[in-house]
Structures are given as structure tokens and as C-alpha cells.
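One letter stands for each residue in the lines below.
There are 2 protein chains.
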Amino acid sequence: MPRHEFNYPKEAQNTVNRYKHQATYSLTTIHTIINTSPILNVSFNAPSSPFPITLPLIGQMGSFDRPSASLGEPLDLYLHGYVSSRIMNLSRASSSKKEGEGEGEGEGKGLPVCIAASKVDGLVLSLTPNSHNYNYRSAVLFGYANIVESVEEKLYAMELITNSVLPSRWQNTRIPPNAAEMSSTSILRVTITSGSAKVRSGVPVDEKGDLENEEVLDRVWTGVVPLYEVYGEPVPGPYNRVKEVPGYVGRWVEGVNEEGRSYAVEGAKRDAPVPGKKERDEEEG
Amino acid sequence: MPRHEFNYPKEAQNTVNRYKHQATYSLTTIHTIINTSPILNVSFNAPSSPFPITLPLIGQMGSFDRPSASLGEPLDLYLHGYVSSRIMNLSRASSSKKEGEGEGEGEGKGLPVCIAASKVDGLVLSLTPNSHNYNYRSAVLFGYANIVESVEEKLYAMELITNSVLPSRWQNTRIPPNAAEMSSTSILRVTITSGSAKVRSGVPVDEKGDLENEEVLDRVWTGVVPLYEVYGEPVPGPYNRVKEVPGYVGRWVEGVNEEGRSYAVEGAKRDAPVPGKKERDEEEG
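Protein sequences appear in the order of chains A and B.
Every number in my numbering is 1 more than the matching position in the first sequence, counting from 1.
Every number in my numbering is 1 more than the matching position in the second sequence, counting from 1.
Hints may contain errors.
Here are the simulated DSS-like pairs of lysine-lysine, each with C-alpha atoms no more than 30 Å apart in a straight line [claimed, not checked]:
| no. | chain 1 | residue 1 | chain 2 | residue 2 |
| --- | --- | --- | --- | --- |
| 1 | A | Lys-11 | A | Lys-21 |
| 2 | B | Lys-244 | A | Lys-244 |
| 3 | B | Lys-209 | B | Lys-110 |
| 4 | A | Lys-244 | B | Lys-270 |
| 5 | A | Lys-209 | B | Lys-244 |
| 6 | A | Lys-270 | B | Lys-244 |
| 7 | B | Lys-244 | B | Lys-21 |
Honestly, the hints are just simulated from the structure, not real lab data.
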């Protein structure tokens, strides 16, 4: 555990300008949202396209140099997934490594990417459509992507990412990857430059005018419908021979289901954070 | 219903190059994924930033001119959410409307945006980490965003988006929005230029070599852990006076929960689509 709570510095692209009271720059919060998202939205630019391009990828924060680093410390993001050759080729071109130099020497910064993850925890139903909201957690990271070349770091990231989908799965499969698997798999390491998150939980909040309107109060149901993900009963595949669902699967499913459900349900009852007067004036002005 | 199944044209930025057998360009499929996603990841570029910037926004496909258009027809995307002034100012600048001209006249194309949505339906646990997968649905759209200026179109979009979060909610709240609410809310209309989707469902698939390895088959559990979202018991808020949860809330929660659960569980048992030999050779070559 780090001795201090680290925050990402507030810069132009990561500073939250709306609903500032829901914003956080805490590394722990941001990295936790990223690491618990089954899919990350990774955006980059290609020279020929006027549009940014977004790919759904699997990824995980980690540190190859200090694998025991906590989520509150500076970390890299490792990405793996349906990596089109375009993002790989662009990353390779952006890092523009000079021939004959050692690793890390003479490298460009890499491909600029933005990584976004969000999770909705509940529908917040208030008196008027304008005051409707979600309970949610969302995070965004900015950084430079480079292809991992070292076999050791690649294996570290492959194990990290596999076990982020299901803890202990890596050790319980046929490993290590063979030569064909190693060469067909690419891993990107994103060096993070900044990030931010927004988190809302709690009961509905309405404007004073509506809260004094008896007709509206008598007619409109207000409250929160919690929303959470559930892992169902594991379904054995057609060539499975292992009779019992292994403990590392079953126990994890139970734990993560209970955690998700209680986060959403408790969050539906909590007091909602309300912006200060200064922030409201700024946003409405 | 349209007489034909329409597809988005395959262009450089939307053509899927990996796992082509999971790709689709069908308007119905893409628009359905977008419309059932509680959060859309909207990416754009800002002149001062080397990174694309991604915002989590709420949105819905629709047609103001032909509100009865089906999901299989060409539609616009309406976006609403934590719209920072940056995306609004950039959209306004990009549309660069000429003074004195009528609506739609002399407008630029708008701000180039990419919209991404994904949903994981299950963990596909195979014999080796390399063959692991998700059952999932993901969609991406490209288009030009402009701010909606007409009050009628803005109200159409606000109702469309509110009712996408919870059907019939709009009519069951305090409407219409007052002048302050109308002026503090912005809606973006995205004119779509192209899009694609990828969908996978089904049982695990492994390589021949692993399927012939008795030791691995005896040791590794293979199958699918279904994953689905559940709306929990609605939690009344602190100033709610309506004793019973209204039917349009309760019935919808029941229906959508059953639909989500059965999609994930049935998808866990289905035969998995397998790429043809030509595609495998191309991707591995």
C-alpha cells in the first residue's frame, strides 16, 4: 500500500467540467474501475480517417517491473483482444524504434490512445426527466500504446489478463502457450499520462419547485432500480470431462455475484452527493 | 418493416479484419445493440489533444422525420448526457452554420464521432488461454454530430432517450420540461456514415492438438459461465409518496430480466460459429 493517496494531475483532456462533485482523480478508484471492467473501449486515430476508431479490448492495469504494486500506485495498462492489424501497425509505427539501439532507447512515445470503461449500477427515477440519472462508475485513461516485445513481459501480461477474467484460470489450463500461440498473440502496453473517473450512487435528487408540487409528488413514483451483473450456473461444454465445477470457478462466481448485488442495492439507498452552490451556479450560468 | 435487410457499406474504418465470421453490417443488429446499451462510449478529437477523448453518454437511434421507422432502416443517433461544453462547442464550431440561411442550409458536416457499445454475455472457458473468449455483442458507429436547434426535435429526442432508459417513464413524470430545463439540456444528432457489429455466442472451441491431449482433457474444466444484467427490487426514494411500484416499472423489470437471462444461458449452449479454412489461413498467415 502506498503511503499517500495518489491522484492523476488535472490537465486539459482529463479535467471534469460537469458534475464536478462526482469527479475523482484517485489512482485507486480509476484503476479499480478499469480492472473490474470485462471490456475496455480503446480509441485511437488512423491517418486516413476523420473519425476516432474504438475497439472493445480486454485489459488490466499492472506493473511488470514491480508485480506487487498496489492499485493506488502508478501502473501500466496491458491490452489484449481483437487487436486488428491497424492498431498494431499504428503502434509499431508510432514507437519508431531506431535500429541497433537497446530496448527503451530511441523509442517514440507510441500511439496516443484513450481508454474508457463504465458500469451502470442503477436507474435513478426522479420527478422530472431532467433530474433523472444513473448510479454509475466510469473511468477514462489517456496514454501511449506500444507493442510488448519481450517474451517475459508478454507472458506476465497474458497471465494477468487471463486471471482478470477469472482468477486462477491461467494455472488451471494448458500452459505455457506454444510457439504458434505466442506469435499470433499481441499485447499492447499503455504508458498512462492522465485519467479521471466519475462515480454516482444514492437516492434521487429533485429541484425545490418540484418537491413543493403536491400533484406531482402524489403521482410520480421516485426511487432507484438497482442494476447489477450476475454470473449464472456454469454450463459444461461439449468436450468437458471434469464432472464437478472447480472450486476456483464456483466460489468466485458466488463472491462476485454477492459483491455486485450489494453494491447496487446499498448504493440505491445512500444519501446522494449534492453539488455546492458555487458549482451549480457555474454549471447553470 | 423494411422489405430488405439493409447493411452498412464496408469502408476502411468499419470493416472487420479479425474474426470476420463474427462480423455483421446489418442495420437491425447494430441499431439493436446501440439501443439496448445503457451507456454509449462517444469519442471525438479536440484540436489541442493528441488523444481521442471518450465520454459516456446516453443515446438512442431514431428518426424525427419518420418516428415510426424500424430499427432496420437508416436512422440518426440522438445523444444526451454529461455533455461537457467541449463536445458541444466543437460540434457547434464544426457545423459552422452560415448566418441568415435557413435550417440545414450551409451547414458543415459536424463533429466526427465514433460511438461504441458492448455487452458481455458469458465467459467462454476453453482448454488453453489463447482459445478463451467472451460471448458478447459489440457495435460501432461513425458519423457527424450536430447540436439539435429545433425545439420540436429536441423534445422528440428527450422523450425517446428518457423512454429508452425505462419505457413509458416520460409520460409518468412532470412534463413538459420548463424553460430552464430546455436551455440547460443539449441534444446531439449524429448523422451516421457507417457501422459494424461483432456477435459471438456458443460453446468453447479448441484447437485439434489440445482436443487430442488426454491429460489436458481430464484436468481442465471447459464450458461457459453465462453473464447477464439483473434489475433488482425497486427502492423507493426519501420523498416518494406512491405506495405501489407502478406496473410499467415492475412489468418491464420482470420482462427485461427474463430476456437477458435466457439470452445468456441459451447462448452458452449453442453451437459456436467456426471460421472457414480460408479465413483462418488469412488471419494466421
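The hints, checked one at a time:
Of the supplied pair hints, the one linking A/Lys-11 and A/Lys-21 holds, its CA atoms being roughly 12 Å apart against a limit of 30 Å. A threshold of 30 Å between alpha carbons decides the hint, and for B/Lys-244 with A/Lys-244 the separation of about 49 Å lies outside it, so the pair is violated. For the hint linking B/Lys-209 to B/Lys-110, the alpha-carbon distance of about 51 Å lies beyond 30 Å, and the restraint is violated. At most 30 Å may separate the alpha-carbon atoms for a hinted pair to count; A/Lys-244 and B/Lys-270 meet this at roughly 17 Å.
Only pairs whose Cα atoms come within 30 Å are accepted, and A/Lys-209 paired with B/Lys-244 is accepted, the gap being roughly 22 Å. Proximity of A/Lys-270 to B/Lys-244 is assessed by CA-CA distance (about 17 Å); at most 30 Å being required, the pair is judged to hold. The straight-line distance between the Cα atoms of B/Lys-244 and B/Lys-21 is roughly 52 Å, outside the 30 Å bound, and the hint therefore fails.
Comparing the model with each earlier hint shows violations of hints 2, 3 and 7; every other hint is respected.
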